[in-house]
Amino acid sequence: MSKTIGLSGDEAAAYAAKQSKVDVVAAYPITPQTIIVERFSEYVANGEVETEFICVESEHSAMSACIGASLTGARVFTATCSQGLALMHEMLYIASGLRCPIVMAVTNRALSAPINIHCDHSDMMGSRDCGWIQVFCENIQEVYDWIIQAFKLSEDLNVLLPTAVNFDGFTISHSMEDVKVLKDEEIEKFLSIRKVKYKLDPNEPMTFGALTLPDYYFEVKRQQEEAMRRAYEKYISVVKEYEKLSGRSYNYLHEFMLDDAETVIVCLGSTAGLVRQVAKKLRNEGKKVGVLKPWLFRPFPSKEVFKALENVKSLAVLDRTLSFGAPLGPLCSDVVATLFNEEKAIPVVNIVYGLGGREVTPGEIEEVFNLGLKAAKTGEIEERIKFVGVRE
Amino acid sequence: MYALKDLPKEELFSPGHRLCAGCAQPTSVRMITKVLRGPTVIVSTTGCLEVSSSIYPHTAWRAPWVHVAFENGAAVASGIEAAFKAFKKKGAIDEKVDVIAICGDGGTYDIGIQAISGALERGDDFVYICHDNEAYMNTGIQRSGATPKGAATTTSPAGTKIPGKPEWKKDFIGICIAHGIEYAATATPAYWGDYLMKVRKAIEVDGPAVINVLTPCPLGWRHEPKDSIKIARLAVLTRYFPIYEYEKGKYKLNIKVPKPLPVEEFLKAQGRFRHLFKPEFKKDLEEIKHYVEEKWNRILRLCSET
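Residue numbers (this note's numbering), protein chains in the order written: chain A, 1 to 392; chain B, 1001 to 1306.
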């Protein structure tokens, strides 16, 4: 039995971490993540958690402390975004390389310069290759559900990789929503306490973080990639188990009206809701459009993406980041590589949108769909990368 | 004070590590591990000690040991300490586990000082020991905030115009004390009884404690490997490196040096200061001697020894 409470995205993240009975939180405030650390501080101050909360002096130290705690065997949570994630960048690679199953909420926010506090995905995409499992949430319920599922996935002994739970800054972090929350004991049963095979233990001394030279480094990194593959497999059993508990069903992808779609928009995060709304309108007008939203971005669910897009004639892939000088943005690159590997050649337009919190309108999305429909007919696109919503 | 016969025979830092002959660091580590209170986790930052003690698949550590990065020894220690605290709160463990960070001067005086400052301000319960060999030795002898004025390093070379590092050494222990911590001290393996006593005292402190340990580096200081301890002793006997401690608001001079040897005795023993004895740099040598005297007098005043 679940109950429904009103929570903002940030509050939902803090609430889920609290219910996950995390041992250690080390975090540093940054807009729009601040409410997460504020709420958690209140839990600590009111004795609602047994968590050790380290109010560190920087994000770099936040992740450093998280790594130390995680290697000691603790369940660890943190949160950041934007400049904070960038400052952590070095530590992100170490967290995954030392196989620390840390869970981190990332309230996606643009990177400076110019400084901006609003949403885009340049922060996470800037650390795309850091070896973390990466999920993107569309709404506040998903934030709550994913924080809990992330612990289950990360801490699996065959996975042992950290997870970044991404949700759009302000759009999700600061909106209020009715969130169905589980009972503490339900989550306790779902997660149990963290099982640890290797840890900093005075009874069984081990060396962590050894210097690893050309004779072994490559193998260590290869094993890390194997863990990513295992995470990909484990993922589905985690969401199925969670579905039994919560009644909410997740998968690699959220598919919307794909069956006979001629053109599809692929996008991450909160934008998907708007895109679906526009798709519904166009469907009523008889236009065959669909929407594909990956929940899981790393490891990238190529197999499922191809299956979902097998019959479409054109695609528009939305990147809320700019990969300067690159042929395509990060999400579009992955989708195009997936299609190429399956020898499926269709017109794909990469839409760059919403940087620094720029609103994207239903009209703009409709234009993108129309562009896709045109490309589906002609088999051609005019420009590979199109900027939507910017003054040229 | 410890007597040799009281110390455990067990070595937690084993032979076979790749530190240079004459390096004072393994000596220091062995001393630290002789006076542990109980279960202990050791953290090291990137540096000579880390690269030489942990080349995969080998390790010199018989204690639980972790290296994460260069600038975060204190933050990693905080995380470990927090985890053990949480386990104890939840009843998962009974014993107190001590956390000791052993880090170099580059990772301490320079790139790691923010993380140290944060951990000291928070009052996290761990011991921070800085192996101070007064430069970035691991990367090939570059100057750090711990490098003394006049020392030649590869980034503060003894040129024809500029005789080594132009700036004075940072007062790291002073910075730590300014955080309001309970215990801070200087030490050197040359005075092992004093050093062991300080390590144990630091462990017993309920909160952060810091020790800055002068650890000669034959390669960077340019002296014979056999002379490391001798040079560490000269640093003390010339008053170049005062051995003192700060405990609950009180300073104490642990090694009194009533009849100091000339500072030149310490400087002359090392290649890194050789240029200071050229006639054109006489003024610089005098400045350094004056600085050593001033610093000594300042420490004496703090210790109420005047």
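These aren't lab readings, by the way, just hints derived from the structure by calculation. Incorrect hints may appear among the rest.
Said to hold, decoys possible - Here are a few chain B residues that sit away from chain A, every Cβ distance over 10 Å (derived from the structure):
1) M1001
2) A1003
3) G1038
4) V1051
5) R1062
6) W1065
7) H1067
8) K1089
9) K1090
10) K1149
11) A1158
12) Y1191
13) E1294
What the hints assert, rightly or not - For lysine to aspartate or glutamate, the following DMTMM-like pairs were computed, each having C-alpha atoms within a straight-line distance of at most 20 Å:
14) K1089(B) to E243(A)
15) K1005(B) to E50(A)
16) K3(A) to E243(A)
17) K1088(B) to E48(A)
Claimed, not checked - Quick list of the computed label-pair ranges, beta carbon to beta carbon:
18) K195(A) to R1037(B): 28 to 36 Å
19) G1123(B) to I193(A): 22 to 30 Å
20) K1252(B) to I5(A): 52 to 60 Å
21) N203(A) to E1011(B): 12 to 20 Å
22) Q223(A) to K1252(B): 49 to 57 Å
23) K221(A) to P1015(B): 24 to 32 Å
24) K195(A) to K1256(B): 36 to 44 Å
25) K221(A) to R1037(B): 54 to 62 Å
26) L1007(B) to S237(A): 47 to 55 Å
Idealized CB from N, CA, C, for every residue including glycine.
A quick look at each hint next to the structure:
1. Remark: the non-interface label on M1001(B) is consistent with the geometry, its nearest Cβ contact in chain A lying 27 Å away (cut-off 10 Å).
2. Distance check on A1003(B): its Cβ is at least 26 Å (rounded) from any Cβ of chain A, clearing the 10 Å threshold; non-interface status holds.
3. Interface exclusion of G1038(B) from chain A breaks down, the closest Cβ pair being 8 Å apart, not more than 10 Å.
4. Against chain A, the non-interface label of V1051(B) is violated: not every CB pair exceeds 10 Å, the least being about 5 Å.
5. Taking the minimum C-beta to C-beta distance to chain A, about 6 Å, the non-interface status of R1062(B) is violated against the 10 Å cut.
6. The beta carbon of W1065(B) sits about 5 Å from the closest Cβ of chain A, which is not more than 10 Å, so the claim that it is off the interface is violated.
7. With 10 Å as the threshold on Cβ separation, the claim that H1067(B) sits away from chain A is violated: the shortest Cβ distance comes to roughly 4 Å.
8. Separation of K1089(B) from chain A is inadequate, the least Cβ-Cβ distance of about 5 Å not exceeding the 10 Å criterion.
9. A beta-carbon of chain A comes within 10 Å of the beta-carbon of K1090(B); the shortest separation is about 6 Å.
10. The beta carbon of K1149(B) sits about 30 Å from the closest Cβ of chain A, which is more than 10 Å, so the claim that it is off the interface holds.
11. With a cut of 10 Å on Cβ distances, A1158(B) stays outside the contact zone with chain A, its closest approach being about 32 Å.
12. The Cβ of Y1191(B) lies farther than 10 Å from every Cβ of chain A, with a closest approach of about 29 Å, so its non-interface assignment holds.
13. With a closest Cβ-Cβ approach of about 32 Å to chain A, E1294(B) is found to remain outside the 10 Å limit, as its non-interface label requires.
14. Between K1089(B) and E243(A), the direct Cα distance comes to roughly 32 Å. Violation of the 20 Å bound is thereby established for this hinted pair.
15. In summary, the hint linking K1005(B) to E50(A) is not supported, as the alpha carbons are separated by about 44 Å, beyond the 20 Å threshold.
16. About 16 Å separates the Cα atoms of K3(A) and E243(A), which keeps this hinted pair within 20 Å; it holds.
17. The suggested pairing of K1088(B) with E48(A) holds, with an alpha-carbon distance near 17 Å, which does not exceed 20 Å.
18. Evaluation of the 28 to 36 Å hint for K195(A) and R1037(B) yields a pass: the beta carbon distance comes to about 29 Å.
19. For G1123(B) and I193(A), the hinted distance range of 22 to 30 Å is satisfied, since their beta carbons lie about 28 Å from each other.
20. The beta-carbon spacing between K1252(B) and I5(A), approximately 58 Å, falls within the hinted interval of 52 to 60 Å.
21. Here the CB-CB span from N203(A) to E1011(B) is close to 18 Å, well matched to the stated 12 to 20 Å.
22. Taking the beta carbon of each, Q223(A) and K1252(B) are about 52 Å apart, inside 49 to 57 Å as hinted.
23. For the pair K221(A) and P1015(B), the beta carbons lie near 31 Å from each other, so the given range of 24 to 32 Å is met.
24. At about 56 Å, the CB distance of K195(A) to K1256(B) disagrees with the hint of 36 to 44 Å.
25. For the pair K221(A) and R1037(B), the supplied restraint of 54 to 62 Å is violated, since their beta-carbon distance comes to about 38 Å.
26. Between L1007(B) and S237(A) the CB atoms are about 53 Å apart, so this pair conforms to the stated range of 47 to 55 Å.
Checked against the numbered hints given earlier, this structure breaks hints 3, 4, 5, 6, 7, 8, 9, 14, 15, 24, 25; the rest are met.
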